[in-house]
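Enquirer: So you can see what is in the structure, the chains are spelled out below.
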Amino acid sequence: MRYVDELRDPRLIRAVAAEIARLTNPDRHYRIMEVCGGHTHAIYRHGLVELLPPNLELVHGPGCPVCVLPMGRIDDGLALAEQPHVIFTAFGDMMRVPGRRGTPLEYRARGADIRMVYSPLDALKLAQTHPDKQVVFFAIGFETTAPSTALTLLKAKALGIRNFSVFCNHVLIVPAIRAILDSPDMRLDGFIGPGHVSTVIGCRPYLFVARDYGKPLVVSGFEPLDILQSILMILRQMAEGRAEVENQYSRVVPWNGNRAALAAMAEVFELRPYFEWRGLGFISQSALKISEAYADWDAERRFEIPGVRVTDPKAAQCGEVLKGVLKPPQCKLFGRECTPEHPIGALMVSNEGACAAYYHYVHRLTVAGRSE
Amino acid sequence: MRETPVHPTFRDAVIELVHGAGGKASRRLIEGLFLPLLTNPVLAHLDDAAILPINGLRLAVTTDAFVVKPLRFPGGSIGELAINGTVNDLAVSGARPVGLSAAFIVEAGLPSEVLRAETEALAHAARRAGVAIIAGDTKVVEHGKADGLYIVTTGIGIVDPRAELGAHRVRPGDRILVSGPIGDHGITVLLARGELDLEADLVSDTRPLTPFVEALLEVAGPGLHWMRDPTRGGVATALNELARDAHVAIILTEEAIPIRDAVRGACELLGLDPLYIANEGQLLAVVHPAWADAALTALRQMPGGELAACIGEVCEEPAGVVIVTTQYGGQRVIDMLVGDPLPRIC
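Protein chains in written order, with the working numbering: chain H, 1 to 372; chain C, 1 to 346.
The set of hints was computed from the structure by calculation and includes no laboratory data.
Check each hint, because a few of them may be wrong.
Only pairs whose alpha carbons sit at most 30 Å apart, straight line, appear in this in silico DSS-like list of lysine-lysine [as the list claims (entries may be wrong)]: (1) H:LYS155 - H:LYS125; (2) H:LYS155 - H:LYS314; (3) H:LYS125 - H:LYS157; (4) H:LYS133 - C:LYS145; (5) H:LYS314 - H:LYS157; (6) H:LYS327 - H:LYS314; (7) C:LYS69 - C:LYS139; (8) H:LYS133 - H:LYS155; (9) H:LYS125 - C:LYS145; (10) C:LYS69 - H:LYS133; (11) H:LYS125 - C:LYS69; (12) H:LYS125 - H:LYS289.
FRET-style restraints, in silico, Cβ to Cβ [unchecked claim]: (13) C:GLU142 - H:GLU292: 30 to 36 Å; (14) H:ASP27 - C:THR253: 52 to 58 Å; (15) H:ARG336 - C:ALA132: 52 to 58 Å.
Using N, Cα and C, we set each Cβ at its ideal position, and we do this for glycine too.
Bound-form chain H, shown alone (with noise of 0.2 Å):
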């Protein structure tokens, strides 16, 4: 722990924290996005809000796999767990994410086998200790999990383990990303790139941020240090009239990115021509479906998918939460219709959503004293 600690530092912190006051000038409003909703969790979790200048606002990103995920494709998933002879695996996050007739955890308690797993070479050795069973895996998440499911992926073809199959949902951060810049009411200054997305595809694909839209982005680590160096270095891009993009969390980051992990996704994995993302809309080449050379390990091709559309009740501003036009507790359903127990909007649905992370750490104290 002790690793985790020094960036936990409260002398160093208090001292970025002031450099940071330092170079934002008080004339001006500064709209700063973190693309992750781990960063989101971590700002919210550590108070670092509070350790920035009023006119320094933190906008949070498109960057929580749970989040994203449209309703329908939940739906599809739980109506794999539904079949006989089907083990449906999950992970941890996904649990709680409603579907129109309620929860993996709701389903599991209506009799589905559904389990919950930490790696998707889990829920391999499932099928290899069930053969009686169809093993599905729901893969979800950014470039961060998808090297995983495709390890995972090459591992069940060469042991030739037939009963095992994914049901593909990993997305690209990159074109989420280029979403937000090409939006007409886009109003941000700079990013704070993900992390462990990073860690993966390193640091070269986000170079049209500073090319092409002149907006300095530094790929951050998740400590309190990082995060708030991070905002440094944006402000010190914007105060030297650079843009460009930066690599804060060099330790674990690789300039090119992780060539093993980048050619076994390339082996299962290809483009898909459009994807839904929620909040956002349909984004093209924004997500992964698996190759033909894997066609057999494919759910979607292993079983009827009903393919369900749930589109948002139209209420609900997750898309303008989402690129920083509104916040959280601006929309209309935040708190009343939409909560962490019953979200509406995407963002409401995991910890790491912008509205679950504000509703739960900084809303509570908007209503207090108010009887609940």
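Keeping the supplied structure of chain H fixed, place chain C upon it in accordance with the hints.
Expert: Chain C in isolation, oriented as in the chain H frame:
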């Protein structure tokens, strides 16, 4: 002014697992369904144990059902939990246990050896806690119905005359003490399930809290305002209930909260917050500031209480909320849990 409690009607169509997780949904179920139908002044307190005044004595009564998977885990088993859980509900109500009943719900097909071992664990834990099992019942249910074994225990105790406890006694300025490192039990059981392929040198903290309560009453009796053993839902849930019931704010100091490195590490890896993890052998005590130092010293002198700490303070505003001050001076709200904590991927 204290507000009259308003009980929302329970409208959920089906009982889901979340209704038993100890968080918001559990509260809705209890206050929206059970309480209106079973209403009486004793139950309405919704404390760990009910207090019945009889012939000048205060009788404490509590009941608890134990469902844990796996039945055995490092540092304990369901048999020990069934004793300690009920003894501790009595203890934090200021009561010494005088007798316990135990009901066994056994799944057909359970090896007799397992039942014997758990009964031995039960007997051992009862001796350790200085209490006898004075009544019991056995039911056998179909195979596949009860995870092997469920145990329900009911405990009767006599409240110590020095104990005057309750949310109504909690005042701004009171200190919040915890008897030791938090999260050991919950993380031990999570890892013992073997689903996560993680190992840690960690054992459950299950133990009777009666000696701790005895020590607190001895040195800080008049200043002891409230106690709770933060089991399911953890420290966060227990303190949220206090903040709401006493209409006060609870401000915790993050760096003061004792957490073992193994628990902290597992929580970091799994994306869990130790404040929500279950404990089976820790107590939270709210103590008047004038008695706080003596109470803390007494806890630390107890075997197993060496790491006891003062973790925060009761404040006036913002009422009803638990806040943690991070070591950099930032703050975050510690809300009630929505369901069981689940590991996250990123």
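Enquirer: Hints the structure violates: just list their numbers, smallest first.
Expert: Hint check: 2, 5, 13, 14 fail, others pass.
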